[in-house]
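Participant: Please model the entire structure based on the sequences and the hints provided.
So the sequence lines, in the order shown, correspond to chains A and B.
Start counting the first sequence at 2; every next residue gets the next number (this note's numbering).
Start counting the second sequence at 2; every next residue gets the next number (this note's numbering).
Keep in mind that the hints are not guaranteed to be accurate.
[Unchecked claim] No more than 25 Å apart at the CA atoms, straight line, and that leaves these computed lysine-lysine pairs for DSS-like:
{"id": "1", "chain 1": "B", "residue 1": "Lys448", "chain 2": "A", "residue 2": "Lys373"}
{"id": "2", "chain 1": "A", "residue 1": "Lys141", "chain 2": "B", "residue 2": "Lys183"}
{"id": "3", "chain 1": "B", "residue 1": "Lys156", "chain 2": "B", "residue 2": "Lys239"}
{"id": "4", "chain 1": "A", "residue 1": "Lys96", "chain 2": "A", "residue 2": "Lys113"}
{"id": "5", "chain 1": "A", "residue 1": "Lys259", "chain 2": "B", "residue 2": "Lys448"}
[To be verified] Chain B stretches covered by chain A per the calculated footprint, using a threshold of three residues with CB under 8 Å from any CB of chain A:
{"id": "6", "region": "40 to 50"}
{"id": "7", "region": "82 to 94"}
{"id": "8", "region": "247 to 257"}
{"id": "9", "region": "325 to 332"}
{"id": "10", "region": "395 to 409"}
{"id": "11", "region": "478 to 489"}
Think of the hints as simulated: they come from the structure by calculation, not from any bench.
The structure displayed is predicted, hence computed values, not measured ones.
By construction, the Cβ of each residue, glycine as well, lies at the ideal position given by its N, Cα and C atoms.
Here is what each chain is made of, one letter per residue.
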Amino acid sequence: MKKIVVVLLLACLTLPVFAGGGSEGASAPAPAAAAPAAPAAAAGGSIKTSADAAAYLKGKNIRGVIGSTAVTGDTYLTADLFARFVSEKYGCNMKIDPIGAGRALQEVVSAKPDGGTVMMFHDMTYLGVLFGAYDAEDYKLEKFLVGGTYAYSTADCFAASANAPYKTIAELGKWMKDNPREIVKFAVEAGGVSQLCFNAVYEWVNQTYGKDVAARIKVFVTGSTDAKLQALWDGNCQVVYAVATALQQYTKPGVDPKLRLNIIGISAGERYESETWPTFKEQGITLEGKPFVFSKEYYMFYPTGMPTDFIAAMDIAIADICKSPAYSDAVKKLGFLPQAKGSAETKDYIYAKRDSLTGLIANAPNFDDLTK
Amino acid sequence: MELAEILTFGNFTMGFIGLLVGILFGAIPGMTATMAIAVFLPLTYAYSLVTSLFLLLGMYVGGISGGLIPAILINIPGTPSSITTCFDGHPMTLRGEGERALKIGITSSLVGGLISLGCLALFTPLLAQLAINFSAVEKFLVIIFAMTIIAALSKGDMLLSIFMGFFGVLVALMGTFDDNNKLRLVPYIFRRELIYGFALLPVLIGLFALGQMFEEAEGGMKKKTVKDANAQKQGGRKFSFLDFKGQFVNLLRSSLLGTLIGVMPGVGGSAACIVAYSQAKTFSKTPEKFGTGHVEGLVASESANNGLTGGALIPLLSMGIPGDSTTAVLVGAFALQGLQIGPLFIQEHHVLWTTVLIALLFCNIMMFVTMFFPIKYIAKVIYIPRQRLYPIILLMCIVGAYRASNGVMFDVWSLIIFGLMGYLFAKFKLPSTPFLIGFILGGDLEKYFVDALKGNDGALSIFFTRGPICWVLWLLIAGSIAYSFYFNKKQAPLDGD
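Facilitator: What follows is the structure, given as structure tokens:
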């Protein structure tokens with residue numbers, strides 16, 4: 002009897018193996034598509050002023066799903082902060098649920114457009130699709146509505162051990178050229194902003210020093226900042242991608258030499274406040290002759306068919322809250338900056354941003370080759 | 002000045018409230034300390050960091066400790082880290098020693114918590130250095146070491162137990178592989194639901210709680226209490242501190258193992274209690290009594306999971322790397338106040354460092370006081386007739402499962418699926434515990450295996466050449482497997498069919 006049970010269980014065990022291999026994502030990056038006529042956003046409706054917005058949003062329960070499962074990361078912290086300010090100022094009850102990128106995308110394409118569910122996420126919304134992590138047919142930007150922008154990051158960076166023989170990305174490229182036996186591994190997350198910035202560095206090294214040098218750049222794929230730092234300290238990689246404010250303390254004197262870091266490049270266009278961390282632009286990290294500049298921005302997204310009044314009310318709320326010094330201080334304390342853009346402006350902006358990155362992603366080396 | 006800021010009535014009150022909330026979350030199947038902290042995190046924005054730390058650390062200690070109540074009384078682990086508490090705690094309840102088991106568990110939790118606090122206060126720099134040297138290779142070996150308990154738990158049917166363990170690992174691997182964002186082991190029609198695979202809590206409470214309920218429902222919900230157990234049978238053995246006679250080494254070893262596993266970022270509380278239980282059995286003079294309501298097993302499990310609390314804070318406060326999922330959420334409390342935790346935290350924020358130590362000491366002592374004395378009343382929960390108790394537990398399980406991934410309905414379906422699996426496992430006499438251990442450890446097993454290979458160009462030799470910690474771990478693994486074979490052979494004629 003027991004043998005029969007074991008055989009049956011073995012059969013069950015093999016079933017998913019045969020069933021598996023079902024791939025959620027398309028392997029090829031989605032081509033940049035022209036934006037079809039999306040439903041009217043903030044323009045219409047009866048919501049024109051803050052008082053209208055307050056009257057409309059008062060008492061509403063709004064579930065903000067985010068594309069991360071962590072309650073300590075930038076996505077949650079920025080979304081939660083915004084939700085608290087909206088709830089406080091407009092009397093609605095906005096609550097953030099960190100359910101992960103895949104599930105958040107599923108929610109925003111399938112939720113009822115009644116104002117009950119919105120998605121709050123950053124540029125990974127379209128980058129994940131471009132990189133093939135999420136199915137373009139189901140989750141491209143055209144499948145839902147683009148709302149406003151409420152914050153942005155100026156401190157996404159690459160960092161290396163303070164003992165490394167390079168202090169900037171530019172020095173890293175030159176060092177790799179001068180040391181033809183050396184391999185440098187970058188810890189990045191597949192399908193996200195870090196993969197995009199990695200691609201930019203890879204392409205710059207390729208264009209500046211040739212493909213032999215670029216071929217010695219490899220990736221160590223991993224997720225959270227903690228995991229990346231662990232990989233660095235284990236010697237499994239030499240460069241990590243993270244939000245620089247999370248690494249700030251590791252750059253200070255007095256830190257154990259094994260843990261100490263240098264920020265070797267910020268992808269934003271300008272330096273972070275009083276810090277001397279060099280930007281990509283300052284170092285001459287260019288793509289096809291133009292400086293590579295990328296800031297991660299935090300957007301709202303709505304299910305298709307969302308009432309124009311809701312969108313207009315949220316646009317007004319974003320504008321009001323981003324003007325408030327209290328929000329500005331709070332968001333700066335987290336290491337980010339407030340940014341108010343309405344849904345119409347954001348839609349044009351994010352489509353253009355996506356299209357501008359499509360070429361870089363399409364020409365990017367295959368991750369499978371880079372991990373070998 | 003510093004102490005005056007910390008030792009206020011308001012802070013202690015918040016610590017106590019946090020503790021009560023934590024115990025409640027820990028005691029409700031499907032809710033955990035991590036969940037309690039995540040839910041209350043936004044509230045801390047309104048308080049100072051000192052007050053917030055009292056509140057959140059209270060939840061941490063309470064949440065880890067509260068898990069023993071359902072584990073002992075109704076054989077449902079309140080949290081994943083109390084899974085091994087069921088093994089000996091519930092059999093004690095069945096023989097009418099529930100109250101005694103609870104008091105032994107609570108006292109062991111206090112000792113584990115205090116020993117780990119001592120390690121945090123005195124050895125943080127030393128243990129932080131150790132944590133840095135624990136790479137993916139060593140973590141993989143620790144997980145393998147924890148998995149050897151599957152063989153130790155086999156009770157004469159090792160092959161089936163190992164099969165079930167690896168079946169659990171296989172189910173844990175369903176979902177998206179993070180390195181390439183591709184789905185694997187998932188039928189196409191479930192590609193949306195299983196994008197992140199099955200969540201731990203629905204699987205845990207499904208197998209233990211729902212499986213048990215289905216099994217009992219089959220015989221009809223008669224007016225009986227849970228398995229007709231007694232909280233404290235007349236004439237049954239009562240708790241005495243003499244129960245700890247001969248347990249000193251076990252207490253110390255299990256607490257230190259819990260602390261040490263807490264120090265290793267990413268290994269987790271479940272591994273702590275599993276390793277400690279396994280070692281207690283290996284070193285015991287009466288290993289055959291484990292799983293039958295043996296004090297040694299209960300002491301090992303509860304001292305180890307509370308030993309984790311101080312241990313997991315060591316890498317967090319000394320390097321900025323959380324030791325487990327709960328301390329990872331604690332980072333949010335600091336971030337909300339605009340404070341990044343890193344290697345200079347203790348030097349630069351002495352008040353907060355002292356707060357952590359005082360709050361942990363207060364919460365551990367209050368945990369003991371709050372749980373130990375009223376426990377005889379709490380233990381009476383098992384006198385509630387099953388037909389009234391089970392619907393309440395079922396409701397809590399559903400709410401807990403729904404919250405497991407922050408509001409995903411599929412987790413409720415997972416709960417029911419694994420409830421049915423638990424029922425079928427019992428019907429076919431397939432051990433569900435090895436399956437669950439495989440499921441709990443499977444994700445980490447793969448992650449650290451892959452990470453170790455990725456960092457070393459795919460060379461398997463790295464698992465043997467990395468250094469002395471590695472060799473010690475291999476010796477422990479070999480010893481544990483050899484012991485399991487020997488013990489299994491001894492048990493086979495007794496228990497085998």
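Participant: Hints first: check each against the structure and report whether it holds.
Facilitator: Hint check results:
1. Lys448/B with Lys373/A: Given that 25 Å is the threshold and the Cα spacing comes to 17 Å, the pair holds.
2. Lys141/A with Lys183/B: holds, 17 Å
3. Lys156/B with Lys239/B: violated, 29 Å
4. Lys96/A with Lys113/A: holds, 17 Å
5. Lys259/A with Lys448/B: holds, 24 Å
6. 40 to 50: It holds, with 3 qualifying residues against the three required.
7. 82 to 94: violated (count 0)
8. 247 to 257: Violated: only 0 residues of the region 247 to 257 of chain B have a Cβ under 8 Å from chain A.
9. 325 to 332: holds (count 3)
10. 395 to 409: Since three or more residues must qualify, the claim that chain A covers the region 395 to 409 of chain B holds, with 4 doing so at under 8 Å.
11. 478 to 489: violated (count 0)
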